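Mind docking chain B on chain A? Use the hints.
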Amino acid sequence: MNKNIERLYNGIIKENPTFVLMLGMCPTLAVTVSATNGLGMGLSTTAVLVVSNALISLLRKIIPDKVRIPAFIVIVASVVTVVQLLLQAYVPAVYDALGIYIPLIVVNCIILGRAESYASKNGIVESAFDGIGMGLGFTIALTCIGFVRELLGAGSVFGRVIIPEDFHISILVMAPGAFFVLACLTALQNKFKMPSATNVAGGSSIVCGGNCTSCSETVCAENHKKIAAAKAEEAKKAAAEKAAKAEAAKAKKAAEAAAAETKPDGNE
Amino acid sequence: MKELLLLIVASALVNNVVLSQFLGLCPFLGVSKKIETAAGMGAAVVFVITIASAVASLIQNFVLIPLKLEFLQTIVFILVIAALVQFVEMVLKKVMPALYNALGVYLPLITTNCAVLGIAVINAQKNYGLINSIVNGFGTAVGFTIAIVLLAGVRERIEFNDFNPSWKGSPMVLITSGLMAIAFCGFAGLI
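Going down the list, the protein sequences come from chains A and B. Take the first sequence: its position 75, counting from 1, is numbered 74 in numbering that gives the first Met the number 0, and each next residue is one higher. Take the second sequence: its position 132, counting from 1, is numbered 131 in numbering that gives the first Met the number 0, and each next residue is one higher.
Incorrect hints may appear among the rest.
Calculated lysine to aspartate or glutamate pairs in the DMTMM-like style (CA-CA distance at most 20 Å, straight line) [stated by the list, open to error]:
1. Lys190(A) / Asp161(B)
2. Lys125(B) / Asp95(A)
3. Lys60(A) / Glu125(A)
4. Lys167(B) / Glu155(B)
5. Lys2(A) / Asp95(A)
6. Lys190(A) / Glu158(B)
7. Lys125(B) / Glu69(B)
8. Lys230(A) / Glu240(A)
9. Lys230(A) / Glu14(A)
Read the hints as simulated data drawn from the structure, not as lab findings. This one's a predicted model, so the numbers in the text were calculated from it and none came from an experiment.
In isolation and in its complexed conformation, chain B is listed as follows:
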């Protein structure tokens, strides 16, 4: 239990997926204009990454390793994730329309989120079992949500600030992310 908690803290804060591993930068910079959309994106990411890391871990441990096909990892994972996102979208639409309406817009965007594939590959490289993979995936996704919501909050604040026009837009977003990355470096002492 203690080990799993440590894993969550490590993946969410210490090795934050966006700010220290640079995965999933595209939605991080793109969908962070407003807190609500950022939170929606974060929720969708938590949902998809947790399921995807579970499925990828099952495939890795019960199909690829017994058959000695680990070298097919990349191909299998990317296909499974793409299919999974489509599938999750269809199931949600049918079973939980309310949740679908809340997350629907963000789901297709996630197929192209490199964090999903990244986590699956990291789990496989570290030889995590099913439980550890799910916990690691969940922690990472929570870390993503924390980062994107914080960035959206800062962006809402600085939107009308008066600074040099050359720095308006993406340069200032990048500077903000850089400062956040420095702050997240401080979590390194936690573990």
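Here chain A stands alone, though its shape is the one from the complex:
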């Protein structure tokens, strides 16, 4: 049970897909004109993530390793189709607002990333909880960004106008505003040195420069692994250096002590 709660915490806070991992930027920028849209997109993605994670985890021993990516894509695409039809039938308003971005959930790298890096290696329950955690993290992030854009741009909260029209910064609900809001967000993260994919110190040797806004789908999962490995190596190196320094200091001390010991000897 603890492990499941840990998965939720991991998805919502520690590895938040939008704020920390910077995955799935296309829907993040496109649908966050209002908090409601962000919420709808987030929840649809959550549904897809949970079901696809569970299915992939269930089938992980049957799918041959060589064709796993196409197999994952087919599973994800089927789930997305189901979600799309459900939305069309029961919440047509959300379906119309999100439009083309619903079928594009298939190419959202969060989903394939989780399938590849978590669901294909873990049990069904954990994978489902991982999907819930990641999905909720994504939902919360989209809703927050949507909330800020809607409040400043259209002066409303979940559709209810609270700021008079003279004070709207309407560019924020238009296309350029999405870029500006995200720019401010990443700049703040850089400023406060918060854990974020844009914060990789000094750039890395990976093709994409360790800049995770640039990755997508399977590439990103691999790159994240590489970055993690590089970070681990760096930490190891630092630790080794520290140990070496400590040892050197110790040796120096010992030598000094020995010298001090031999000095009186020499004096004698």
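Showing chain B alone in chain A's frame:
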């Protein structure tokens, strides 16, 4: 003819795929450090999107609609596009090695470009025929190329500029894209 020209202008400039529809942001932000690589990526995108929209339109109009299987659209399109990119890569390698050497690095990256699937879905939603689909796909890809080459040009210029370190890197790229998006809003009056 006039209609097709309007379609190209609309898809390349007015509804620019990256700056107003937010498709294909990943390569847009990632492969735009240098003008040459940006142009290479753009050329590869033009190539793949044009072929992909033709194939997707053929499948939509001659297989899915007659069989009343439109709901399978997403699954079919994504598989076809993934297979198509692999296939294009193999054919290019065999038939046109020079072109392959120029575009080769970028081709695998395109499988994961959501613009390709996005255009296929848009074409299907708007009920475009084969010709319109190809023209729309081509126009969109040209729009992508214009945007990414412009961004790369700006990025080369501002690379060594002295501004607040917090804004270095992706925040400044995003601000630049935002300003470009404002500029592209001006094209709305064209049609």
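Going down the list of hints, with the structure as the test:
no. : hint                  : result
1   : Lys190(A) / Asp161(B) : holds, 16 Å
2   : Lys125(B) / Asp95(A)  : holds, 14 Å
3   : Lys60(A) / Glu125(A)  : holds, 16 Å
4   : Lys167(B) / Glu155(B) : holds, 13 Å
5   : Lys2(A) / Asp95(A)    : violated, 38 Å
6   : Lys190(A) / Glu158(B) : holds, 19 Å
7   : Lys125(B) / Glu69(B)  : holds, 13 Å
8   : Lys230(A) / Glu240(A) : holds, 15 Å
9   : Lys230(A) / Glu14(A)  : holds, 16 Å
Of the numbered hints listed earlier, the single one contradicted by the structure is hint 5.
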